[in-house]
Amino acid sequence: MLGIGVIGPGLPDWAGGQVLLRDLASWQRLATVVPLPSRLPPTERRRAGSVVKASVVVADEAVAAAGADAAQLATVFTSSTGDPVNCHLLCEALAAPQRMVSPTRFTNSVHNAAAGYWHIATQSRQPSTSLAAFDASFAAGLLEAAVQCLSAGQPVLLVACDVPYPEPLHALRPVADVFAVALVLAPPAAVGRLLRLDVLGDAAVTACTDAALDEIRRTIPAARALPLLQALARSDADSIVLEGPPGMALRLHVGAST
Amino acid sequence: MKPLAVSDHTLVTALGCGREATLEALRASRSGLARRDFETAAIGTWIGEVAGIADTALAPEFAAFDCRNNRLAELGLRTDGFAAGVRRAAARYGASRVGVFLGTSTSGILQSELAYRRRDPTTGALPADLHYAETHDIYSVSRYVRAALGLRGPAHVVSTACSSSAKVFAAAARMIDLGVVDAAVVGGVDSLCMTTLYGFKSLELVSPDICRPWDAQRSGLSIGEAAAFALVERDPERVCGWLLGAGESSDAHHMSSPHPEGAGAAAAMLGALATAGLQPGDVDYLNLHGTGTPGNDAAEDRAVCAVFGAALPCSSTKGHTGHTLGAAGGVEASIVMLALQHGLMPAGLNVQQPDPALRANYLAEVHARALHVVASNSFGFGGSNACLIFGAAR
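Protein sequence lines, in the order shown, are assigned to chains A and B.
With the numbering used here as the guide, the letters of the first sequence map in order to residues 3 to 260.
With the numbering used here as the guide, the letters of the second sequence map in order to residues 111 to 504.
Don't take each hint at face value.
[As the list claims (entries may be wrong)] Residues on chain A that point at chain B, a partial pick, calculated with CB under 7 Å:
1) Ile122
2) Gln125
3) Ile242
4) Gly249
[Unchecked claim] Facing chain A, according to a computed beta carbon distance under 7 Å, are these residues of chain B, among others:
5) Arg202
6) Ser206
7) Ser222
8) Tyr242
9) Leu259
10) Arg262
11) His266
12) Val267
13) Ser269
14) Thr270
15) Gly309
16) Ser312
17) His452
18) Gly493
[As the list claims (entries may be wrong)] Label-pair distances were calculated between CB atoms; the ranges are:
19) Thr106(A) / Pro237(B): 27 to 33 Å
20) Ala239(A) / Gly162(B): 52 to 58 Å
21) Arg229(B) / Thr106(A): 21 to 27 Å
22) Ala384(B) / Ala27(A): 51 to 57 Å
Note that these hints are calculated values from the structure, not bench results.
Just so it is clear, the structure is predicted and the values come from calculations on it, not from any experiment.
All C-beta atoms in this analysis are idealised placements derived from N, C-alpha and C, irrespective of residue type, glycine included.
Build out the structure end to end from the sequences listed, making use of the hints.
Shown next, in the form of structure tokens:
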């Protein structure tokens with residue numbers, strides 16, 4: 003694991019977030035602020051949905067921290083929600099008598115929109131996939147990214163992001179706030195934190211050490227990464243269990259920082 | 111990569127249910143497309159609608175999953191005894207050793223599209239009978255298939271638009287190679303909905319005519335729906351074919367138009383050849399993505415000719431099935447497996463006047479010929495490209 007990026011409630015980025023996650027006394031739950039991603043061209047920067055913006059922002063932080071070349075990185079994007087504002091507006095337009103759908107809205111409705119904008123902006127022709135596994139989307143993405151990384155023997159950028167649905171969908175799928183996390187994974191080497199993944203059967207999922215933080219973990223799919231981020235914020239070795247689909251969990255052994 | 115055994119496969123498209131019906135239609139060069147409306151969408155186009163979805167009821171314990179997309183998935187599972195084969199594999203390997211990796215682009219969004227017409231006039235609330243997680247949610251089809259088959263292994267949905275269900279083969283191959291699972295159900299399910307019909311229309315990519323890939327007058331795609339499944343495993347009792355190579359790439363060019371020279375598409379084809387350890391001349395037949403839009407076919411033609419030269423026999427089967435979007439990669443994997451098993455190269459249907467600007471060796475007629483190695487292209491919005499190479503059972 004070579005680089006991390008994050009934004010979430012009270013977590014402005016990894017640089018600041020890791021300090022807060024180490025010592026939660028100074029962390030306060032504040033609404034997530036999604037910065038404008040300088041990576042995107044000005045026209046797209048404002049127009050893009052939150053899921054694209056947040057994904058690109060955390061991807062850039064992780065890539066910079068890893069000292070990696072974005073144009074050479076394969077990517078795994080994972081999200082349960084995709085862009086739910088776009089989806090809501092499409093459903094609304096399709097329920098109206100004239101059914102006027104904007105071409106841009108349809109183009110942006112694909113689940114791989116964030117991946118597409120990232121690869122265009124970074125000019126990366128490397129492989130990219132976009133996944134979903136409901137509340138287990140982060141674990142599914144992490145497993146896929148680790149598998150790709152070991153298969154190809156190359157670094158892989160993992161980006162997980164979920165954003166709240168507007169009403170009326172919010173009532174059916176309440177996602178509390180925006181949460182995005184990115185990790186640059188590389189084959190085991192001398193540098194970086196060692197991560198080992200084991201696929202388990204039923205196992206108790208690791209909660210966050212703080213009730214308010216755990217509330218975020220439970221109410222935003224991408225925030226299922228928080229116990230891993232807490233482990234990465236500390237320097238000692240740790241072992242945690244992430245939520246997978248029913249009957250399947252993902253155990254993560256996090257090595258001590260070197 | 112290590113060749114991966116495909117031990118079973120099936121498909122349900124506008125051509126009918128299962129391998130036999132599909133093979134018969136391919137041999138007869140019969141299209142399943144018809145000029146008709148879908149639901150209340152009267153947009154004046156040809157569509158590839160699957161018959162029998164309405165009659166495919168889900169088991170009572172899966173009532174919350176009831177939607178067109180999951181009914182289509184269920185129809186696929188029942189076809190050619192596919193579900194029974196998966197259950198046998200699960201009994202052999204253990205249910206937690208069998209993964210489910212499926213592609214879809216729109217999942218069960220039709221359920222929400224219909225529910226949005228029935229919002230509470232006062233509160234705006236959606237009707238209580240909309241089960242979002244089990245239907246509309248993008249993961250719902252893998253969730254349904256995993257539960258219906260009693261599997262307990264890793265699962266996800268790949269949703270990279272029209273390359274989705276090709277990419278799941280690559281994902282499963284990696285997982286099996288690294289020992290995460292011993293077998294996987296792969297493929298794709300995508301069903302007709304308002305989003306894709308009106309969405310592709312808004313982009314002026316839907317043909318008012320039947321789709322005519324590689325024709326000089328081609329004017330867009332015909333949208334279809336399909337379920338396609340394959341069982342891939344480490345230690346098969348029988349083999350239908352082998353996944354020999356898989357190439358994936360990104361265009362890094364545009365969200366809804368391919369790179370004009372097909373650079374990303376060529377990279378995917380070269381990647382597939384490299385992972386298979388094959389030369390371009392080793393491939394006997396290529397199933398094109400071939401949607402029938404002017405830009406897509408032109409870019410793919412350049413990419414194919416750049417990688418394989420202009421002699422490789424190729425065709426698009428979108429004229430048979432329509433463009434089944436997130437299911438297309440799985441459908442065409444199943445079609446090329448039939449081509450390998452039965453020694454036929456399907457015709458590219460509906461060509462009236464071949465486009466003189468396109469150079470690839472596009473087959474206007476079905477050809478009977480023993481095939482050893484075949485490839486299939488799948489490309490999607492967001493610049494997502496995949497190419498799979500399959501070899502005959504040996």
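Checklist entry - What hints, given by number in increasing order, does this structure fail? => result The structure conflicts with hints 3, 5, 9, 17, although it agrees with all the remaining ones.
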